[in-house]
Amino acid sequence: MEPLIKTAFPFVVVSVGILLAFQGVLMIVAYTVLAERKVLGWIQGRIGPNRVGPWGVLQPFADLLKFIFKEDIVPDKSTRFVYYLAPMVALVCALMPIVVYPFGPAITTVDWSFLPFGLGDGIHVLPLTIARIDVGVLFVLGITSVGVYGIALAGWSSNSKYSLMGGLRSSAQMISYELAMGASVIGVVMLAGTLDLNGIIFAQINSPFRWFIIPQFIGFVVFLIAAFAETNRVPFDLPEAETELVAGFHTEYSALKFALFFMAEYVNMFTVSVMCTVLFLGGWYVPGLSHLFDPGSIPYALVSHIAFIGKICAFLFFYIWVRGTLPRFRFDQLMNFGWKFLLPVAIANVTLTIVVVYFLN
Amino acid sequence: MEPSLASYLALSGILFTIGATGVIFKRNAIGMFMCIELMLNAVNLTFVAFSRYYGDVTGQLFVFMVMSVAAAEAAVGLGIIIAFFRNSRSVDVDDASILKN
Amino acid sequence: MVGTALFFLFAGFAIMCAISMVYHKNPLYSAISLVGVFISLSCIYITLAAPFIAAVQILIYAGAIMVLVVFVIMLLNLDEDVPLNRLRYLYAVGGGLGLVLLAQTLFIFYAVSRTPNVAADQAQTAGKTLSLGQAMYTEYLLPVEIVGVLLMMAIIGAVILARRLGQPQLELVVEHEEELRHHEQ
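Going down the list, the sequences are from chains A, B and C.
The first sequence begins at 1 in this note's numbering and counts up by one.
The second sequence begins at 1001 in this note's numbering and counts up by one.
The third sequence begins at 2001 in this note's numbering and counts up by one.
Quick caveat, the hints were computed from the structure, so don't treat them as lab data.
It should be emphasised that the depicted structure is a prediction, and the values quoted were computed from it without experimental measurement.
Check the hints yourself; a few may be wrong.
[Claimed, not checked] Pair by pair, the computed Cβ-Cβ distance ranges are:
| hint | chain 1 | residue 1 | chain 2 | residue 2 | range |
| --- | --- | --- | --- | --- | --- |
| 1 | B | 1058 | C | 2001 | 27 to 37 Å |
| 2 | A | 217 | C | 2152 | 42 to 52 Å |
| 3 | C | 2092 | B | 1086 | 50 to 60 Å |
[As the list claims (entries may be wrong)] No more than 16 Å apart at the CA atoms, straight line, and that leaves these computed lysine to aspartate or glutamate pairs for EDC-like:
| hint | chain 1 | residue 1 | chain 2 | residue 2 |
| --- | --- | --- | --- | --- |
| 4 | C | 2128 | A | 63 |
| 5 | C | 2025 | C | 2080 |
| 6 | A | 38 | A | 63 |
| 7 | C | 2128 | B | 1092 |
| 8 | C | 2025 | B | 1092 |
| 9 | C | 2128 | C | 2079 |
[As the list claims (entries may be wrong)] Chain C residues, not near chain A, derived (Cβ > 10 Å throughout):
| hint | residue |
| --- | --- |
| 10 | 2059 |
| 11 | 2113 |
| 12 | 2128 |
The beta carbon of each residue, even a glycine, is placed where N, CA and C say it ideally should be.
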């Protein structure tokens, strides 16, 4: 009995961590949808939804109920298996990077000896990252690459010309801007010396510029633009714009399957906001906080975590702000920009970083 | 606790066999291409298994090279398939017999 | 015990996806099965202490090469393979070759399991990015540079192969139109 519990314990711990993290992220995503409608409303001179709860705070739940109760339509000649698989792939690949996010600094003042069977003896740490993978950055970039399948397969399996065009255009846009995104990350990785997300935050703590946005400003701008294109947001949202292609690759999806795509888009936004925060804005690190609280104590971790969420919310607000402000690119302008301007700028940034790092060491 | 080296080599051999029979049986050019990629991956698994069991990083480096070459081959091979399709409207490899006397 | 269970889980999934890939006549289902093989192989690489190779496998194979293949399948609108009236004995020959290869595989298993081998140290750093990067840029610099040149050749080759001859560029057409209008005025 006891060896079984000892082998099963790490799985239980990880499961609890995943449950909490996914709950938190899905709540943030649900309220991002509400925030988008309200902020867009204010930009456009009207109030957003305010009927359902005070200031509309229960609106996400009303939306969820609406999606559940809608009729589930399946097009006649579509290939069933791929049609059902596509939104699942999109959502799973959007949610998987949550396990590597550094939600906060590790708390080192916890006493685990209340656990039975001697499971907690000698351990004093509560890490706030679910999985410390050595190649965290590559993991996130790789999973976002696999997320392209959800869109391509959705476009194809719906057996409609709008969906196919939207799906192919969206996939082509995503794979083009993945290159610029990856290249802009290389500069940060060179300065930090590691691919681990927690390691990058520690490198920012130990560096003379507290946040990597200062030495890597070009990389930050490139990453932000590429992130807009990766998540199919304005000004790069031609593949799913309502006036252009009906609704792009998710034209033929209704009810809960469309809700999965919708959620996948907002979770993708969350993912790239987290990456931007961790790589360029120091993640949970607030300069000067270690003078107020003891690093490793619970108040320090709490304030750092709130700062992390605050930075992410700032990026999400920036996304919504840009949506309300800019017109969208035409598709050939989009591809030109990605290949002929953004990728060379990212590579020039890498070269510049190489030269500077070489001469400073 | 861990499976021995032989298990990884057996898995690699089985995947290679499946890929080889796929290349023999498939007539679709893209299907054959995918079976070749499966064979390359089986060989990658062999390299990584040996690298783990002898502690040498050279195996993983070679896997990196194999992946890069496979990517290059994919780009050029699919370009050839597209060019061939434009001329003959079919990707059946039995139709690629223009040089036959 | 956990290691063996994980290995059999991922190995079983890989073999099932590989058989599914060879079995399906619809090329898109084959492509999806192959992505399943790549993902399970990536998980096996993680259990073999090669996290960098696992991440690169997902990035390059599942995320780039197979996306390319799926694009080509969608653009060319490939149908399923039509069953051909092939000479019957060729099926037997193909199956026989497959069995021969399988027998060779099992012989390898038998031979290797008879030699004593010891797994290398658990905490070794061979798979970590640092040691891989160091080996790549000191001892094996020439292959890395050659691979770079090879990739550039592949890019140029792919662009040339996929080019449509005889289709004028948009700018030339626009210039031509403007010239015609100037002549008319």
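The hints, checked one at a time:
For residue 1058/B and residue 2001/C, the hinted distance range of 27 to 37 Å is satisfied, since their beta carbons lie about 31 Å from each other. Between residue 217/A and residue 2152/C the C-beta distance comes to about 29 Å, which lies outside the given range of 42 to 52 Å. The hinted window of 50 to 60 Å between residue 2092/C and residue 1086/B is violated, with their beta carbons roughly 36 Å apart. Proximity of residue 2128/C to residue 63/A is assessed by CA-CA distance (about 46 Å); at most 16 Å being required, the pair is judged violated.
Note on residue 2025/C and residue 2080/C: the hinted pairing holds, with a Cα-Cα distance of about 5 Å set against a maximum of 16 Å. As the CA atoms of residue 38/A and residue 63/A are separated by approximately 14 Å, the hinted pair is consistent with the 16 Å bound. Among the hinted pairs, residue 2128/C with residue 1092/B is inconsistent with the structure: their alpha-carbon atoms are about 43 Å apart, more than 16 Å. Taking the CA atoms of residue 2025/C and residue 1092/B, the gap is about 12 Å. The hint holds against a cut of 16 Å.
Restraint check for residue 2128/C and residue 2079/C: not satisfied, since their Cα atoms lie roughly 44 Å apart, outside the 16 Å limit. Listed as a non-interface residue, residue 2059/C fails to keep its Cβ farther than 10 Å from every Cβ of chain A; the least gap is roughly 4 Å. Even its closest Cβ contact with chain A, about 26 Å, leaves residue 2113/C beyond 10 Å, as expected for a residue assigned away from the interface. Against the 10 Å criterion, residue 2128/C falls within the reach of chain A, whose nearest CB is about 6 Å from its own CB.
Checked against the numbered hints above, the structure breaks hints 2, 3, 4, 7, 9, 10, 12 and satisfies the rest.
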